[in-house]
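K.L.:
Following the hints, position chains E, Y, C, A and R with the ligands against chain G.
Next come the chains, spelled out residue by residue.
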Amino acid sequence: MCIAMPAEVLEIKDGNIGVVDFGDLKQEVRLDLVDVSVGEFVLVHVGFAIQRLSREEGLETREVFRQVHAAMMEE
Amino acid sequence: MCIAMPAEVLEIKDGNIGVVDFGDLKQEVRLDLVDVSVGEFVLVHVGFAIQRLSREEGLETREVFRQVHAAMMEE
Amino acid sequence: MKVNLMHGAGGEVMGELLRVITNLRHNNAGGIGLESLDDGAVIPLNGQNIVFTTDNHVVSPIFFPGGDIGRIAVCGTINDLAMMGGRPVALSCGMVIPEGFDVADLERIVASMDAALDECGASLVTGDTKVLERGALDAIIINTAGIGVAERVVRDNGLVPGDAIIVSGTIGDHGIAIMAHREGFDFGGQIHSDVAPLWTLVEGALATGDIHAMKDPTRGGFANAINEMAKKSRVGVVIEEEALPFRKSVQSAAGMLGIDPLEVANEGKVVMGVAPDDAEAILAALRSHPYGRDAAIVGEVIEGSHVTMRTAIGGERFIEPPIGDPVPRVC
Amino acid sequence: MKVNLMHGAGGEVMGELLRVITNLRHNNAGGIGLESLDDGAVIPLNGQNIVFTTDNHVVSPIFFPGGDIGRIAVCGTINDLAMMGGRPVALSCGMVIPEGFDVADLERIVASMDAALDECGASLVTGDTKVLERGALDAIIINTAGIGVAERVVRDNGLVPGDAIIVSGTIGDHGIAIMAHREGFDFGGQIHSDVAPLWTLVEGALATGDIHAMKDPTRGGFANAINEMAKKSRVGVVIEEEALPFRKSVQSAAGMLGIDPLEVANEGKVVMGVAPDDAEAILAALRSHPYGRDAAIVGEVIEGSHVTMRTAIGGERFIEPPIGDPVPRVC
Amino acid sequence: MAVGKEILDTLHSLVDQEITLMHICGTHEAAIARAGLRSVLPSNLKIVMGPGCPVCITPQGEIDAALDLVEKGCIVATYGDLLRVPGSKGSLESSGGDVRVVQGVHKAVEIARNEPGRDVVFISVGFETTAPTVAAAILANPPENFSILSCHRLVPPAMAWLLEQGEASLQGFILPGHVCTVMGYEEYERFPVPQVVAGFEPEDILLGLVMAVQQIREGVHRVDNAYPRAVSREGNVKAKRLMYEVFEPFDVEWRGFPVIPKSGLRLKPEFAGYDAQEKYGIEIRHVDKHSACICDKVLRGVARPSDCRLFGKVCTPRTPVGPCMVSHEGACKIWHLYESKRA
Amino acid sequence: MAVGKEILDTLHSLVDQEITLMHICGTHEAAIARAGLRSVLPSNLKIVMGPGCPVCITPQGEIDAALDLVEKGCIVATYGDLLRVPGSKGSLESSGGDVRVVQGVHKAVEIARNEPGRDVVFISVGFETTAPTVAAAILANPPENFSILSCHRLVPPAMAWLLEQGEASLQGFILPGHVCTVMGYEEYERFPVPQVVAGFEPEDILLGLVMAVQQIREGVHRVDNAYPRAVSREGNVKAKRLMYEVFEPFDVEWRGFPVIPKSGLRLKPEFAGYDAQEKYGIEIRHVDKHSACICDKVLRGVARPSDCRLFGKVCTPRTPVGPCMVSHEGACKIWHLYESKRA
Ligand code: SF4
Ligand code: SF4
Ligand SMILES: [Mg+2]
Ligand SMILES: [Mg+2]
Ligand SMILES: [Mg+2]
Ligand SMILES: [Mg+2]
Ligand SMILES: [Mg+2]
Ligand SMILES: [Mg+2]
Ligand SMILES: [Mg+2]
Ligand SMILES: [Mg+2]
Ligand SMILES: [Mg+2]
Ligand SMILES: [Mg+2]
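Chains as they are written, first to last, in my numbering: chain G, 51 to 125; chain E, 51 to 125; chain Y, 12 to 342; chain C, 12 to 342; chain A, 6 to 348; chain R, 6 to 348.
Chain G with its partners taken away, still in its complex shape (with noise of 0.2 Å):
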């Protein structure tokens, strides 16, 4: 189960609140779970972010694989 979607922490509001970007869509969640800045990414589940993401990571999916997939391999 458990679909979750990375997002940029655009606002803070309220303490628990954040506006986050999806890609081209903003939308508020909670921020009850996580302790996480402006500029962060986090991941999203039920309108609640459960995780932080680091920056480059939320930003950059491709390459990460290449790096894990690689590093794998160097093994």
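One should not assume that every hint holds.
[What the hints assert, rightly or not] Okay, derived cross-link-like pairs now, DSBU-like style, lysine-lysine, Cα gap no bigger than 30 Å in a straight line:
1) R/K318 - C/K243
2) C/K243 - Y/K141
3) Y/K13 - C/K141
4) R/K284 - R/K273
5) A/K112 - Y/K259
6) R/K51 - R/K318
7) R/K294 - R/K94
8) A/K318 - A/K294
9) R/K77 - R/K294
10) A/K94 - A/K294
11) G/K76 - R/K112
12) C/K141 - Y/K141
13) Y/K141 - R/K94
14) C/K242 - Y/K141
15) A/K77 - R/K77
16) C/K259 - R/K10
17) G/K63 - R/K245
18) R/K77 - R/K112
19) C/K141 - A/K94
20) A/K243 - E/K76
21) R/K284 - A/K77
22) A/K112 - E/K63
23) Y/K13 - A/K318
24) C/K259 - G/K76
25) A/K245 - A/K284
26) A/K245 - E/K63
27) E/K76 - A/K112
28) R/K284 - R/K94
29) R/K77 - R/K94
30) Y/K242 - A/K318
31) G/K63 - R/K112
32) Y/K13 - A/K77
Just so you know, these hints were derived from the structure itself, not from any lab. Keep in mind the model is a prediction, meaning the values are calculated, not measured.
P.N.:
Coordinates of chains E, Y, C, A and R with the ligands only, in the frame set by chain G:
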């Protein structure tokens, strides 16, 4: 107020229900307020017979007018 | 302002709503358009008069003595085409069905549509179906639109002083049948709707004489139709009370319900204004058709305005278009 | 059996209901009739191909980013005419309005219909209005039927192996905009419906090359339209995942909602199968039109059956017609 | 129509002075209008309408009480006549509640029997013609979830009040044929004014007018009966007995009138269980009428609808201000439909 | 797509024996199906689906409890996923009640706040990914008219149970990436079987498969992390803390499984006010499954949907018999959509 229509009693059921004919239209009406027999005419208002009419008068309104008018003129 | 039930019941109030709905610049395709509010539109295409019309059909109960919503949906549109002088060719059908509707009922409705089509040589060629969730809609709604071809277009505004007014049969049958059922008066099968497709009836009349205007007295009944025809034609009409054809059972029921049978819908009748010299011939033509057996000349067109009735007692009164749907009354 | 919501959502289930509703002997007026379940019917009249189609329109909310029910009601029928190769000429309009509906909203809707008509030179020439009592109906229903004239009729069953499949723009915009609104996801104006009248777009494409089949991917979306086209044409289709045009915002929202954008309605798109040699020219013609800027060749017709997708990773899977309206999911 | 013409000729031959008669029955008004009777009467014979339409004379407070019952979730059963009568906040039709049109009280009882989980209230309007039917229903032990909102009125107390005012220059009354069918006409004999009980065919009414004119010509007053096929002096004794077994007269307001002593009917204490007012704690509040509406004068016979400055302008059948414009039998509505164009 | 192809090539080069891996996540199944991944895998590498779809594993008794709440007149707020899952007497969608699809628990709380006169119950399904969001909502003091029907499940107890059965010949597990996002993967290290945490892009899954195959080739077992951009060994500590502040594990039945010890989450006693079961006296009854449905075996990984004799005949996506045919992620439904034609 008080639309009422003459109808002929065709049948009596359960004491106080009459099947009457308004003129090509049969309907059940309540007979709580009148003592009446099959073949007699009644005046029906809000689904209740409110008075008995004589058979002749029920059948021949025009003739009734003529008679009343004539009687009146004779006086 | 909010739409209320009176807005849907024909007459002057409905007129207000129609002014909003018909407020379009693109309302006419070169012939007779929406602005005319006639029974249908006319589109000249390649030298032919294409007649085009539509109606939404909502009726409760959906099955009633004498017909059902399927028969009404087909006849309502066939008749609007016929009123314009149009031979019906093709119908569309848009059904909106509430969740939970019985498929067996749907089968009955469709069979009934087919039978009505059969009577006049038209076909139902295109359709659409939507299902709405329980709670969003109470009862099935059927829209039909129709295409016909008219050799000579007949309008509803062509009455001329001197014309004879003809109705093709008894008045009020459908409306009283429906009203009684809806309000819980159980007349069993004693009163039947007159719902019928009128094309072949009208076709015969058109071939017999000069029909100046036609309209089917549906919503708002005869009272509404004759007023609309008179107003649009800028003439007056005098109706003879004693000439109006009524079924006795309908009169009895109307009396019981406190409803004027002139104000309720007919679904298989036409009101026409015809040249006085052709009136008898047209009447005979109508009477020779099964749906026109009780046809009668019921009045005359005069100069002036308003529709009046010469009553049996010799009095005179107006016949007004009804306001709102009639409601049973006891006083 | 009772009608349920799945019966109205397109696909195989809807097919069962359609078998009941289209069970008519009088279903064809000499051209293409109800039996074809194409976007519209064709009636040969006096040497012309008259195209005729109808749709009921129910949409919640009635005003949404990018359009409203009035624009949809006009475009839905214009587009069905266009899908048959028909130049739209005249529309009918049947409105069913719930008591209490705001007249100001009605004015907006009518103005929006007029604007859509303006874009393609058609007129709304005839109509009907019913008002239903509060409780009998939740929201306004608008039926439109349309008449068009086709120089050359295009079917939805004319795909030929080798044809290129073209979509005229981004997929899923309307359905995702509506779905989000309806389920209480507030995307504000970030996602717009694509509702648009496509006649001039289609007209340009028709003049440019050989279009073998067309369909508008409305109810059931692209997935449903392409399957219907393939099935009726008795061919297979292979779609390239990476060629499918999506708006990024729509993809994001579809991801959030757990809904496949291929399965939701578009109201301003056409899917066509075109002769391979004409594909580039037709694509260019489409792209030169404001409603076709994102047009793309997304696949190919092959011998066989089924619609499959070549995925980005190199895999292969079926694209199935959806069962029932999509529902937002979180897992 | 020969008879009708004959009677009409007689009437024309008899009227040789200005005469104004009042009828007190909406059904008379409807019949007169439907037959266009006024158009054939002698020009010096006028018929005006008194407080004879139960819709017109039902005060706004009673409509509001019915609406309160709708709000409490009751099924409200009513004659169609009341459906569109405006209360302070809309009508029963526009209330959005579970309002059912019934043919009569027995159908309302049937609803209560079929839906034992719901509370069913019958809005019980009407004169003496109708009240006995309700009495019969109450005496037949309807189920506990059934009750009535009694809005009944009696004709003679209103006539007495009218005669006491002396405002209208009336030469006589056409008495309501169906009220008299039940009640007879003995109790009208005390009024020192020409009176004729009439039926509802155009000929019935013409006959009644002839008889009234004859009394006036003779300078006498009595109660004549032009409707003998339905009406006798003693009326329907059984119906009267049932009515008084269940109801008792009390002082009550009429729309357009002040409180008239003993002019209403309420349930006797032993039937309190069927009294919706008791059962649901419903109070009937007095509601002041629109300041310019002269319905009260119209109903009292001292003004015609066309004397009202709202008539046909602010007040139309579609946007009724006063009750006389609401009911099918309301003088203003009928005037508007059948007479306004003649002006 | 170059990266994906590269990883795929690596995978093909590594698989030199019959390998079966199980994933326990509906979203993995959906991603695999959507990308057509099975069509490009080495033919001797099989991926089967375990009990990872919260819809599939919710017993019929819990759906029936939700329907009971509808019947009691509550507003039932739910994820769209549950809408069409058949209970004993229909689904939430066909119940005709006031059922609202919400994005998450916070939207259900919002409904309760906006409609204080109504009772709002959130049907709280989901694994460890979802439970913390509900915990956060409960700790934020929702209004009194709000409560939840807790149907949460925990993944590790089910895995433990599966491994104890030993029925399925599985060489390893792909662990649910988003469950591990929250929980980390420390608690999976006790299972003596190759495991890899994977994300949900096709490449994520391929990477996970490569890592699992490597462990198998090496003859070792450990938990590898193919989803490091979201998952760490300890997970989201704050989320875990909130979850255990509000919920406590208890023994509960899974659809297709017996009662599994400590595999469910229920509200702790101090939050009983938000427990719809307590509040409305709702009992969760055990409902026996259709006799021929082998969902239980499918979910345990010992059978494929196509082994079921109802599959595609009696049981189709339109007329689902078992839960695996209902959920978008149900193994039988996905099999039907994407695989049946290939057979
Ligand atoms: S016209 Fe209207 S306001 Fe005037 S008296 Fe009649 S009901 Fe009252
Ligand atoms: S096909 Fe249907 S009956 Fe068979 S296992 Fe799957 S869900 Fe159960
Ligand atoms: Mg018409
Ligand atoms: Mg029409
Ligand atoms: Mg019509
Ligand atoms: Mg359609
Ligand atoms: Mg005409
Ligand atoms: Mg189409
Ligand atoms: Mg269409
Ligand atoms: Mg369409
Ligand atoms: Mg119409
Ligand atoms: Mg086509």
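K.L.:
A separate judgement is required for each hint: does it hold in the structure or not?
P.N.:
Evaluated hints:
Of the pairs offered as hints, the one joining R/K318 and C/K243 holds, with about 24 Å between alpha carbons and a cut-off of 30 Å not exceeded. This hinted pair checks out: C/K243 and Y/K141 have alpha carbons roughly 22 Å apart, not beyond 30 Å. Simply put, Y/K13 and C/K141 have alpha-carbon atoms about 14 Å apart, close enough for the 30 Å limit, and the pair holds. Proximity of R/K284 to R/K273 is assessed by CA-CA distance (about 14 Å); at most 30 Å being required, the pair is judged to hold.
Between A/K112 and Y/K259 the alpha-carbon distance is near 25 Å, which keeps this suggested pair within the 30 Å criterion. Restraint check: the Cα-Cα separation between R/K51 and R/K318 comes to about 25 Å, which is no more than 30 Å; the hinted pair holds. Restraint check for R/K294 and R/K94: the C-alpha separation of about 14 Å stays at or below 30 Å, so the hint holds. Distance hint between A/K318 and A/K294 is fulfilled; the C-alpha atoms sit about 18 Å from each other, no more than 30 Å.
Restraint check for R/K77 and R/K294: satisfied, since their Cα atoms lie roughly 26 Å apart, inside the 30 Å limit. For the suggested pair A/K94 and A/K294, the alpha carbons sit about 14 Å apart, so the restraint of at most 30 Å is met. With a CA separation close to 17 Å, the supplied pair G/K76 and R/K112 stays within the 30 Å bound. Restraint check for C/K141 and Y/K141: the C-alpha separation of about 18 Å stays at or below 30 Å, so the hint holds.
At most 30 Å may separate the alpha-carbon atoms for a hinted pair to count; Y/K141 and R/K94 meet this at roughly 26 Å. Restraint check for C/K242 and Y/K141: satisfied, since their Cα atoms lie roughly 23 Å apart, inside the 30 Å limit. With a C-alpha separation of about 20 Å, the suggested pair A/K77 and R/K77 falls inside the 30 Å cut-off, and the hint holds. Between C/K259 and R/K10 the CA atoms are separated by roughly 24 Å; this keeps the pair inside 30 Å, and the hint holds.
Distance restraint check for G/K63 and R/K245: the Cα-Cα separation of roughly 24 Å lies within the 30 Å cut-off, and the hinted pair is therefore satisfied. Note on R/K77 and R/K112: the hinted pairing holds, with a Cα-Cα distance of about 21 Å set against a maximum of 30 Å. For the hint linking C/K141 to A/K94, the alpha-carbon distance of about 25 Å falls within 30 Å, and the restraint holds. With a CA separation close to 25 Å, the supplied pair A/K243 and E/K76 stays within the 30 Å bound.
For the given pair, R/K284 sits about 27 Å from A/K77 by alpha-carbon distance, which is consistent with the 30 Å threshold. For the suggested pair A/K112 and E/K63, the alpha carbons sit about 17 Å apart, so the restraint of at most 30 Å is met. A C-alpha spacing of about 21 Å is found between Y/K13 and A/K318, which places the hinted pair at or below 30 Å, so the restraint holds. A distance of roughly 12 Å separates the Cα atoms of C/K259 and G/K76; the hinted pair therefore holds under the 30 Å criterion.
Between A/K245 and A/K284 the alpha-carbon distance is near 26 Å, which keeps this suggested pair within the 30 Å criterion. Taken as a hint, the A/K245 and E/K63 pair is honoured in the structure, with Cα atoms around 24 Å apart against an allowance of 30 Å. Under the criterion of a C-alpha separation no larger than 30 Å, the hint pairing E/K76 with A/K112 is consistent with the structure, at around 17 Å. Taking the CA atoms of R/K284 and R/K94, the gap is about 23 Å. The hint holds against a cut of 30 Å.
For the hint linking R/K77 to R/K94, the alpha-carbon distance of about 15 Å falls within 30 Å, and the restraint holds. With a C-alpha separation of about 21 Å, the suggested pair Y/K242 and A/K318 falls inside the 30 Å cut-off, and the hint holds. For the given pair, G/K63 sits about 17 Å from R/K112 by alpha-carbon distance, which is consistent with the 30 Å threshold. Using a Cα cut-off of 30 Å, the hinted pair Y/K13 and A/K77 holds, with the two alpha carbons roughly 25 Å apart.
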